[in-house]
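Fit chain B to the supplied structure of chain A, relying on the hints for placement.
Chain by chain, the residues run as shown.
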Amino acid sequence: MKRLSRDVAIIGAGMSKYGMAGNRITTRDLFIEAYQDALQSVGKGIDPKQIEALYIGNATSDLFEHQLHTGPIMANWSGLIPRPAVRIEDACASSGVAFREAVMSIASGIYDVVLAGGTEKMTNLPTPEVTEVLAYALDGVSEFPSGFTFPGVYAAMCTAHMAKWGTSAEDLMRVAIKSHNNAALNPKAHFNMDIKDIMRDRQEKAAKEGKNYSWKFEMDFLSDSTQNPVVAWPLRLFDCSTICDGASCVLLAAADVTSNFTDDPIYILGTGQASEYPLHQRKELSSIMATKNAAGQAYEMAGIKPKDIKIAEVHDCFTIAEIIALEDLGFFNPGEATSDINEGVTKRTGRLPINTGGGLKAKGHPVGATGTGQVYEIWKQMTGKAGPRQVVGRDLDFGLTHNVGAHGTTVAVHIFGKK
Amino acid sequence: MMKDNNFTIAAYQGFIDDGKLMGSRCTKCGAMFLPLKPICDQCQEASMELLQMSGRGKIVAYSVIMIGPQKMIEEGFDRQNPYCSGIVELDEGIRIPARIAGVDIAKPIKETIGSPCRLEFTPNSNKPGILFFKILNELS
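Protein sequence lines, in the order shown, are assigned to chains A and B.
So the mapping is simple: the working numbering equals the position in the first sequence, first residue as 1, plus 58.
So the mapping is simple: the working numbering equals the position in the second sequence, first residue as 1, plus 1053.
Hints are not guaranteed to be accurate.
What the hints assert, rightly or not - Okay, derived cross-link-like pairs now, BS3-like style, lysine-lysine, Cα gap no bigger than 25 Å in a straight line:
| no. | chain 1 | residue 1 | chain 2 | residue 2 |
| --- | --- | --- | --- | --- |
| 1 | A | Lys476 | A | Lys365 |
| 2 | A | Lys254 | A | Lys363 |
| 3 | A | Lys254 | A | Lys274 |
| 4 | A | Lys405 | A | Lys368 |
| 5 | A | Lys222 | B | Lys1111 |
| 6 | B | Lys1163 | B | Lys1187 |
| 7 | A | Lys341 | B | Lys1081 |
| 8 | A | Lys341 | B | Lys1111 |
| 9 | A | Lys365 | A | Lys477 |
| 10 | A | Lys405 | A | Lys341 |
| 11 | A | Lys405 | A | Lys363 |
| 12 | A | Lys222 | B | Lys1187 |
| 13 | A | Lys222 | B | Lys1160 |
| 14 | A | Lys443 | A | Lys75 |
| 15 | A | Lys341 | B | Lys1090 |
| 16 | A | Lys222 | B | Lys1081 |
| 17 | A | Lys75 | A | Lys222 |
| 18 | B | Lys1187 | B | Lys1073 |
| 19 | A | Lys363 | A | Lys350 |
| 20 | A | Lys341 | B | Lys1163 |
| 21 | A | Lys75 | A | Lys405 |
| 22 | B | Lys1160 | B | Lys1187 |
| 23 | B | Lys1187 | A | Lys341 |
Bear in mind the hints are in silico, worked out from the structure with no lab data behind them.
Extracted from the complex, chain A is given alone in its bound form (with noise of 0.2 Å):
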């Protein structure tokens, strides 16, 4: 069985506020405002001097605002040159896969403390572009000349889920539902509103105008198509996670030293990390075999089943891939998550919940930043710093983070516990 060669923990997080910063924020900008939340979620203090190298996750600053070289860019911005810094782009993973890093070169013994981080600028251009570029990531050989998009790719997973189990468009509105109702409760969401507010505000707005909306409830909302549009048929523009900006940031440390940083260290059990082919090439199209893989090397590394999952946060690209991933990363069977969703268990409530923050839904989906993101919500909740949204009255001893790649070429898994 592969293990850490040594112990390593969180010592702190930060995130920026994800959502459209204005067209002259860049990714330094936006990536200081996480690094600095981060220097003061240390809970004993951290000198920035003791900061050794940084891994930066980044998708797409070269297209978006003409930026390569991610990593010493942050590295300068942060006041941390000369130190080691790497940009990894893998799509939408960039910076789950960089947490990876970032783990392993600690474990590896070089170094003590490392920072593993995540930032992204996208509103800068109009939302036919961004398709274009997120639709970079796909297969540029057959996936991208046949029309695909990112929606396009989720949407055809949905038809064949939706034919192999029977998943409706109500399934997937149950999704988008809870993520908004995790949102409405974290300050830095990009959308803090829930499902009902949204309906509400625009029931208000349309009475000014002389117009009546009659709907009573979220699902009469998101059925109208005129406030809910196809995006890529099935899936519509509440089943798509938010085009935004934002940057996230964890400070990692080797398990001998974090008590000089933190009576409160989250340590990381488990790390995993898969590759897969095009949707084509697949053998199972309502399934993600990188997550399945990445899932069994973290679980094995950590010696716990999903059973023993607290919270986690999954990779909600669209409500469809949250349904997925439940399946893939074991909590529920093979095409029960959608009846699992229904009974309330993956609410902040309930038995399992599940993207507390809001999720890529909701939360945002900055790319780059997405996956230190997660890992920055899952040490709220597992510390109990998560304010209004704080999962209460049970001891959240293993959390996980699962963070995919474009339509799941790349998946990090990662898994951590208290001890």
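Positioned in the frame of chain A, the structure of chain B alone reads:
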């Protein structure tokens, strides 16, 4: 040597320009690949032979896409005029992504999964690498 290599993307697109959908088959273990590729991921051997596809198959996944990438917008596709992309499982048992014709764009249904279809090459044949499948019951 490279000039004669059939297992490159340039060769694959050249075959499409000639109206052929070409995969490859490992001469050691028989595994099939589409698009063709040089190294087998079952046995890691680099010993392939060309395998021309029949072009008949069925739809196994698809989407009607409202917001496309730039080249689709340039072709005139948008929310008012969406297009369909899908995954086709060929009779040979391997799959390929492609543009799909013959779906009711205004009312897509999941029952389209399983529909038989046939390869037609794109009407704009000056754009290499684009495959087009038509759903068969719409052809007659």
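Evaluation of the provided hints:
1. A:Lys476 <-> A:Lys365: holds, 17 Å
2. A:Lys254 <-> A:Lys363: violated, 36 Å
3. A:Lys254 <-> A:Lys274: Given that 25 Å is the threshold and the Cα spacing comes to 9 Å, the pair holds.
4. A:Lys405 <-> A:Lys368: holds, 12 Å
5. A:Lys222 <-> B:Lys1111: Holds: Lys222 (chain A) and Lys1111 (chain B) sit about 15 Å apart, inside 25 Å.
6. B:Lys1163 <-> B:Lys1187: Judged against 25 Å, a Cα distance of about 17 Å means the pair holds.
7. A:Lys341 <-> B:Lys1081: holds, 21 Å
8. A:Lys341 <-> B:Lys1111: Holds - the C-alpha atoms of Lys1111 (chain B) and Lys341 (chain A) are around 15 Å apart, at most 25 Å.
9. A:Lys365 <-> A:Lys477: With a Cα-Cα distance of about 18 Å, the restraint between Lys365 (chain A) and Lys477 (chain A) holds, given a limit of 25 Å.
10. A:Lys405 <-> A:Lys341: violated, 32 Å
11. A:Lys405 <-> A:Lys363: The hint holds at about 21 Å.
12. A:Lys222 <-> B:Lys1187: Between Lys222 (chain A) and Lys1187 (chain B) the Cα gap is close to 23 Å, so the pair holds against 25 Å.
13. A:Lys222 <-> B:Lys1160: holds, 20 Å
14. A:Lys443 <-> A:Lys75: holds, 17 Å
15. A:Lys341 <-> B:Lys1090: It holds: about 18 Å lies between the C-alpha atoms, which stays within 25 Å.
16. A:Lys222 <-> B:Lys1081: Not OK: Lys222 (chain A) and Lys1081 (chain B) at ~34 Å, beyond 25 Å, violated.
17. A:Lys75 <-> A:Lys222: violated, 39 Å
18. B:Lys1187 <-> B:Lys1073: Holds, because 16 Å separates the two Cα atoms, which is no more than 25 Å.
19. A:Lys363 <-> A:Lys350: The given pair, whose Cα atoms are some 13 Å apart, holds under the 25 Å limit.
20. A:Lys341 <-> B:Lys1163: Distance of about 20 Å is within 25 Å: holds.
21. A:Lys75 <-> A:Lys405: Measuring from Cα to Cα gives roughly 23 Å; hence the hint holds.
22. B:Lys1160 <-> B:Lys1187: Within the cut-off at roughly 17 Å; holds.
23. B:Lys1187 <-> A:Lys341: OK: Lys1187 (chain B) and Lys341 (chain A) at ~23 Å, within 25 Å.
Comparing the model with each earlier hint shows violations of hints 2, 10, 16 and 17; every other hint is respected.
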